[in-house]
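*Asks:* Could you use the hints to bring the two separately framed chains together as a complex?
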Amino acid sequence: MTTSPLPTRPRPAVATAPAPLPSAPRHRRAGFLREQISGWGMIAPAAVLLLLFVFLPAILGFGLAFTNARLISPRPVEFVGTDNFARLFADPTFWRALLNVTYFAVVVVPVQSALALAMALLINKKFRGVNFFRTVYFLPVVTSMVVVSLLWLFMYRKDGLINELLSTFSFGLIQGADWLNDPATAMPAIIALSIWQAAGFHMIIWLAGLQSISGELYEAAQLDGASPWHQFRYVTWPGLKHTRSLVLVTITIQALGLFDQVSVMTQGGPLDSTTTIIYEAVRSGFKQQETSYASAISLVFFVLVLLISAVQRYLTREKD
Amino acid sequence: MNKRFTRILATSITAAALVSSLGACGKGSASATSEGSNEITMWTHNAGNVEELAAIQGVVDAYNQSSDAKAKIKVQAFPQDSYNDSVVSAAAAGKLPCIVDIDGPNVPNWAWAKYLTPLKLSTDLSANLPSTVAKWEGETYAVGHYDVALAMLARASDLKAAGVRAATIEQPWTEDEFQDALTKLKALGKWEYPLDMGTAGSGEWLPYGYSPLLQSFGADLINRDGFQTADGVLNGDKAVEWAKWFRGLADQGFMATKSGKDSTQDFLNNKSGVLYTGSWAADKARASLGEDLVVMPTVDLGNGPKIGGASWQWGVTEGCANTDAAMDYLSYSLKPENMAAVAKATGTIPATEEAAALIPEFAEGGANRIFMDFSRKYAVMRPETPAYPFIATEYGKAVQDVLAGADPQGALDKAVKAIDANIKSNGGYKN
Numbered sequence: 013m014t015t016s017p018l019p020t021r022p023r024p025a026v027a028t029a030p031a032p033l034p035s036a037p038r039h040r041r042a043g044f045l046r047e048q049i050s051g052w053g054m055i056a057p058a059a060v061l062l063l064l065f066v067f068l069p070a071i072l073g074f075g076l077a078f079t080n081a082r083l084i085s086p087r088p089v090e091f092v093g094t095d096n097f098a099r100l101f102a103d104p105t106f107w108r109a110l111l112n113v114t115y116f117a118v119v120v121v122p123v124q125s126a127l128a129l130a131m132a133l134l135i136n137k138k139f140r141g142v143n144f145f146r147t148v149y150f151l152p153v154v155t156s157m158v159v160v161s162l163l164w165l166f167m168y169r170k171d172g173l174i175n176e177l178l179s180t181f182s183f184g185l186i187q188g189a190d191w192l193n194d195p196a197t198a199m200p201a202i203i204a205l206s207i208w209q210a211a212g213f214h215m216i217i218w219l220a221g222l223q224s225i226s227g228e229l230y231e232a233a234q235l236d237g238a239s240p241w242h243q244f245r246y247v248t249w250p251g252l253k254h255t256r257s258l259v260l261v262t263i264t265i266q267a268l269g270l271f272d273q274v275s276v277m278t279q280g281g282p283l284d285s286t287t288t289i290i291y292e293a294v295r296s297g298f299k300q301q302e303t304s305y306a307s308a309i310s311l312v313f314f315v316l317v318l319l320i321s322a323v324q325r326y327l328t329r330e331k332d
Numbered sequence: 025m026n027k028r029f030t031r032i033l034a035t036s037i038t039a040a041a042l043v044s045s046l047g048a049c050g051k052g053s054a055s056a057t058s059e060g061s062n063e064i065t066m067w068t069h070n071a072g073n074v075e076e077l078a079a080i081q082g083v084v085d086a087y088n089q090s091s092d093a094k095a096k097i098k099v100q101a102f103p104q105d106s107y108n109d110s111v112v113s114a115a116a117a118g119k120l121p122c123i124v125d126i127d128g129p130n131v132p133n134w135a136w137a138k139y140l141t142p143l144k145l146s147t148d149l150s151a152n153l154p155s156t157v158a159k160w161e162g163e164t165y166a167v168g169h170y171d172v173a174l175a176m177l178a179r180a181s182d183l184k185a186a187g188v189r190a191a192t193i194e195q196p197w198t199e200d201e202f203q204d205a206l207t208k209l210k211a212l213g214k215w216e217y218p219l220d221m222g223t224a225g226s227g228e229w230l231p232y233g234y235s236p237l238l239q240s241f242g243a244d245l246i247n248r249d250g251f252q253t254a255d256g257v258l259n260g261d262k263a264v265e266w267a268k269w270f271r272g273l274a275d276q277g278f279m280a281t282k283s284g285k286d287s288t289q290d291f292l293n294n295k296s297g298v299l300y301t302g303s304w305a306a307d308k309a310r311a312s313l314g315e316d317l318v319v320m321p322t323v324d325l326g327n328g329p330k331i332g333g334a335s336w337q338w339g340v341t342e343g344c345a346n347t348d349a350a351m352d353y354l355s356y357s358l359k360p361e362n363m364a365a366v367a368k369a370t371g372t373i374p375a376t377e378e379a380a381a382l383i384p385e386f387a388e389g390g391a392n393r394i395f396m397d398f399s400r401k402y403a404v405m406r407p408e409t410p411a412y413p414f415i416a417t418e419y420g421k422a423v424q425d426v427l428a429g430a431d432p433q434g435a436l437d438k439a440v441k442a443i444d445a446n447i448k449s450n451g452g453y454k455n
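If you read the protein sequences in the order shown, they are chains A and B.
22 is the number that the working numbering gives to position 10 of the first sequence; each next residue is one higher, with no gaps.
130 is the number that the working numbering gives to position 106 of the second sequence; each next residue is one higher, with no gaps.
For reference, chain B alone in the conformation it holds in the complex (with noise of 0.2 Å):
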C-alpha cells in the first residue's frame, strides 16, 4: 500500500515539475531578449561568419566604452539559415530586440509589416553607396555597412589563347561577343562546360543571380509603377528572350544546367573558363592565380550590364524601448573607421568613399575598386515592395523549371499568376 502511495506521489511530483519547468521555458525565452533600463540588444544573422561577428563586436565594443554611449548595445548573433524565422517568431510575439539586420531586399516587407521604424540618424547618406541605403515609401528603414557586386572571373591566358578581348567598364561584353567568346573558349577542349553560372545555387542566389540578367534584357521581376503586377514584364516578349538565352546557355553546351558544389572552387580547379560569381569570390581566387586573373563586369544584354544591389543592412525596430540610442548607435557605427572594419573583415565594398581610403584594395588604384564602380554603376535594387520574399521565391522557381527544360512562356507565365494573386489577396500590399 505504502508503495503504491510513494508511486502516486512520485507521479504529480514529476507531472507538477513537468508544468512548471514548462513555464519556466516559457520565461526563459521572454528574458532572453528583456533589455535592462540602459542596455539595448542587437541581433545579427552572422553566427557563422566568425570574422564579420568579430568586425561588429568590435565596433559594438568600442561604441560601449565611449564616453557618450546612450546605451550599453548587447550582441546576439544568430546562424544565417535560422535568423528571419527567429526575427519572425520574435516578432510574433513582441519580442523584438532594438536593432536586427535585414537582408536589404527584405526590408519593404518587414517594414510593411510594422517591424522597423524609420531611422532618424545623424549621419549623412545622401554620400553612401545608393544600394546600401533600403527606402520605402519615402523613408530611410536600413543602412548598410557594405555592398557586394556580381561579376565575372577568368584567366588573362585562356582569354588569349582563345584569342577572345577580356570585358571592360567601358565596353563590357555584348550578347554577340559573349556568344562568340564562349563558343571559341569551348573550342579550347579544355572544360566540358567553359562557363559556370552557378546553377545549382539555391534560395535567394537565383533572384540575386539571374534577375540582373532578366533586367538586362529590358524585363523585371515585376511592374515598378506601383508594383500591383507582374504581368507584360516578367512574361513579356523580353523576359521570354531572356529565359530562352538563359536555357540555350546549356543547350550548347556552354554551361552546365546544374552546376558545381563549389563554383569557385571549380573555376580555381579549372573544371571552367569563365566563372559568373559575386565579389566575394576574388580575394580567394586571386590568392590563386594571381596577376592572371581577370575580373570582368557583365554581359550587356541589350541594355548595360546589371547586378543586384543591396546585402545586410541594419534597422531599428518599431517597438524599441530606446530608439534614440539605438539610433545613436547605428549613426556611431557608420563612421568610415568601422565601415572599413566590417567590409575589411567581410571582403565586401564598404559603403562609402571615405571608409575605401582606409583599405588599400578598394582605395582608389586597388585590386578590388572595381567591384565598387561595378555597384555605382550597374546595381539595380531588387524591387522595393513588401511582396518581394514571394516574389523571390516565385521566380527562383521558374529560374530553375526553364533550366530543367520547361517551355519558358508556360514556366514565366505561371510565376506571373501566382505573384498576381498574391498582390491580390494582400491588398496590393497598400499600408
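Isolated chain A, as found in the complex (with noise of 0.2 Å):
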C-alpha cells in the first residue's frame, strides 16, 4: 500500500518521447529487440521476488484453506473440502470481525480522504514556512503504526492526556469514557488514532494531484470572476480526477486490512467489538495454531478485497 506510485504529471505529448531515429528499418528492430530484453531484465528482480514471496505463498495459502493443516501437529495433513468455510460462516466472532472492518471503512474512507485534501488544499499555497506544515503534516506517517498506537494507548488510558484535556477544558463538566476498555467508545477510538496516523500521507497523493493542474487555468478562472469555491468546484476537483480513484482504492486496502493498532492496542476486545478479519486470521494462525482455518479467513478476505476494488474501479471508470 504504502509503496503505490504517485500519479505523475501527464506527460507533455511532444518533445521528450524520443524521436524515431530516421535510419533503416533493420537498425529499429534489433534496437527494439534489445530494448525488450533490457525491459525483462529490469522486470526480473521484482517479479522473482513477488513471484517467490508473494504469489507462491499465496496459491500454498489458499491450497491450505481446504485441508487440516496445523502448525504443530504430527499428524499428517488432509483434505476436508469446505469444512473449513463451513466453520468460519457459522462462526459469530467472523461476522463481527466483518461487521467491525465495514464500519472502520465507511467512516474511514470518506473522512480521511476529506481531511487529507483539506491539509493538501492548505499547503499547496506559497508562504513562508510552508515546508514546516507539509513536514508536521507527515510526521505521523513516518512514525510507525505500532509505536503511534502504543502513544495512544496511554493518551487513551481513563486517567490518560484525552481525558485529563477533556475534562481540565470543560472545568470538569466532562468526565471522559474509558476509551478503549468499552465496547462503544473502542472502535471510535481507533478510527481517530487510525485518520490521524495515515492521512498524511494521503495528503502527499492529493498535493502531487493538485500540482499536476496548470496554474493557467486558475488564471483563466479568476479573470472570468470565479469565486474560490467555484475554483475549487469547476477546476480542482475535475482535476483531481485519477488521483480520486488511487485514494479511493489506497483508503480502502488500508482500511480493510486494519490489523496493527487492534493487536497492540485492544486485541479484539473488549467483547469483540474490534476483532478485524485479518486479527482473526493472526489469532487462529499464529496462537491457536490452526493454519488452514488462517488460510481459509485470508482466502474470503481475499476474495473481498477484489471485489470492493473491482466494483471501485468500475464505478470510477473512464467513462468515454
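Hints are computed from structural coordinates only; laboratory data are not their basis.
Treat the hints loosely; a few may be bogus.
List of simulated lysine-lysine pairs, DSS-like, C-alpha gap at most 25 Å [as the list claims (entries may be wrong)]:
| # | chain 1 | residue 1 | chain 2 | residue 2 |
| --- | --- | --- | --- | --- |
| 1 | B | K441 | A | K299 |
| 2 | A | K299 | B | K295 |
| 3 | A | K299 | B | K119 |
| 4 | A | K299 | B | K438 |
| 5 | B | K138 | A | K299 |
| 6 | B | K138 | B | K448 |
| 7 | B | K295 | A | K170 |
*Replies:* Following this line, the structure appears as C-alpha cells:
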C-alpha cells in the first residue's frame, strides 16, 4: 500500500519521447529487441521476488484452506473440502469482525480522504514556512503504526491525556470514557487514531494531484471572476479525477486490512467490538495454531478485497 | 549501442547476484544451527533478561571447561516474544537445536508434535518441586531450574487500619473473608480500587493468573480424565460461579476491569491496597516497603488456595544428534549450585531444597521461603495436554469477555464449544 506509485504529471505529448531515428528499419528492429531484453531484465528481480514471496505463498495458502493443516502437529495433512469455510461462516466472531471492518471503512474512507484533501489544499499555497507544515502533517506517517498505537494507548487511558484535557477544558463537566475498555467507544477511538496517523500519506498524494493542475486554468478562472469555491468546484475537483480513484482504492484496502492498532491496543476486545478479519486470521493461525482455518479466513478476505476493488474500479472508470 | 549493452549486462549481473544472495541467505540460516561433531546448540528465550542469560551462560561455561564435558555447549538467546515462533519455524525446517527451553504448559504440545524426546538424566528428580518436572503420558520431557508462585501482597499497616487479619498458610482468607476485607479496605477511602488483580495482563497471564481461581471454585479448564472435553467443567455451575464472582469484584468497585500497565508499581505508589501477583514482584516490593510488606496466600474459594505451576524448563529435541551430551549437560545443570545461581539471578523459587539452602532468602526462615511453601502446597499444573495452547487462548478470551460484561454462561459455553471442536479435529490429541 505504502509503495503505490504517485501519479505523475501527465507527460506532454511532444518533445520528450525519443524521436524515431531516421535510420533503416533493420536497425530499428535490432534496437527494439535489445530494449525488450533489457526491459525484461529490469522486471526480473522484482518479478522473481514477488513470485517467490507473494504469489507462491498466496497460492499455497489457498490450497491449505481446504485441508486440516496445523502449525504444530505430528498428524498428516488431510484434504477436508470446505469444512473450514462452513465453520467460518457459522462463527459469530467472524461476522462481528466483518461488521467492525465495514464500520471502520465506512467512516475512515470518506473522513480520511476529505481531511487529507483539506490539508493538501492548505499547504498547496506559497508562503513562508509551508515546508514546516508539510513536515508536521507528514510526521505521523513516518512514525510506525505500532509506536503510534502504544502512545495513544496511554493517551486513551481512563486517567490519560485525552480525559485530562477534556476534564480541564470543560472545567470538570465532562468525564471522559474509558475509551478502549468500553465496547461503545473502542472502535471510534481506533478510528480517530488511524485517521490521524494515515491522513498525511494521502495528503501527499492529493498534493501531487493538485500540483499537476496547470496554473493557467486558475488564472483563466480568476479572469472570469470565479469565486474560490467555484475554482475548487470547476477547476480543482475535475483536475483531481485520477488522484481521486487512487486515493479511494488505497484508503479502502488499507482500511479493510486493519490490524496493527487492534493487535497492540485492544486484542479485538472488549467483547469483540474491535476485532477484524486480519486479526482473527493471525489469532487462529499463530496463537491457536490452526493454519488451515487462518488460510480460509485469508482466502475470504482476498476475495472480499478483490470484489470491492473491482466495484470501485468499475464505478471510477473512464466514461467515454 | 554500447551503453545499452552495458545496461543489459548490469541488469543481468544484478539479477544473478540477487538470486545467488537469496540462496546464500537460505544457506546462512541453515548453518546457524549446524553443529560440529562435538558441539551442541542450546536455545533460550531470555535474550531480554540480562541476569538470567548471564547465569545460564555461567553454568554452560563451567560445563564446557569441566574435564568430563561430553560436548561443547553453545548458547543462542532469543527475545521471549519471538522465541516460540523461532522454535516452530526451526522445527518445520528440521533445524532444531539439541537443547531448547520451553514454557512448562507447552511441553505436552511439543512432545506430541515430536519436537522433544523423553529425558534420561543421571539426576534423581523425585525431590524436585513437582511443578518443575514436566511429564506427559508417563514420560518426563522437561525439567526446570525454578518455579514461580502466585501470591497476594499488602501493607501490614493498611490491614491493621481496616481491622483485617493477614491471611496465612495455616488460615488463608475464605471467599467471605476476602469480601469482608475488600469492603473494609475500600471504606478506608485510600484507593479508588483496593484490589489490583492485574486485569490489564494478556497472553499467558490470563490462564496462569486466573485459572487457579477457577480451580479453587472446583471447576477446571478441561475434564482431566482423558482430556477429551471441557463440557460441564469449564461451563459448569462452579465455573459460572467463578465468573460471576470475578466480575462481581469489578461491579462492587473493588478492582478495575483494566488495571494499570505496571501493577507492582501502582501498588508501591499506593494506588492499590492488595496486589494479586507472582513471586517475581516480592523483592522489589520488599525493597520499597520493608517490614510493612505482607505476603499472603491466594484466596480459598472453596477448594483451598490454588496457584499455577510450571515456569520455563529445559528439554532435549528429538532430532538431536548427540542426545548423550545433551542429557549430560542437563544433569550437570541440575546440580544445586547451578540451580541456585539461576534462581538467584531471576529471583525465582529454586527447584530443590539443596539449592534453596544456598540462597539466604529461600533457605529455612528466609524472607521468600513462603513462596516455596506456596508452590509445594498449592501448585496445580495447567492441563497436561497438547491442547493446552489452544485452551489457553480460549480461556483467556473468556476471561476478558467476562470482565467486559459478557454473560458468564455464554462466554464459557463459547470457549467450551471451541475447545471441544479443536480436540475433535485433532483426533483427540492421541499419539
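*Asks:* For the pair supplied as a hint, K299(A) and K119(B), is the alpha-carbon distance within the 25 Å limit?
*Replies:* 22 Å, holds
*Asks:* Is the straight-line distance between the alpha-carbon of K299(A) and that of K438(B) 25 Å or less?
*Replies:* 17 Å, holds
*Asks:* Taking 25 Å as the top limit, are the C-alpha atoms of K295(B) and K170(A) close enough?
*Replies:* OK: K295(B) and K170(A) at ~14 Å, within 25 Å.
*Asks:* For K138(B) and K299(A), compute the direct alpha-carbon distance and say whether it is at most 25 Å.
*Replies:* Distance of about 19 Å is within 25 Å: holds.
*Asks:* Take a quick look at whether K441(B) and K299(A) sit within 25 Å of each other, Cα to Cα.
*Replies:* 18 Å, holds
*Asks:* Is K138(B) within 25 Å of K448(B), Cα to Cα?
*Replies:* 20 Å, holds
*Asks:* Check the hint pairing K299(A) with K295(B) against an upper bound of 25 Å on the C-alpha distance.
*Replies:* 33 Å, violated
In the structure shown, a violation is registered for the earlier hint numbered 2 alone.
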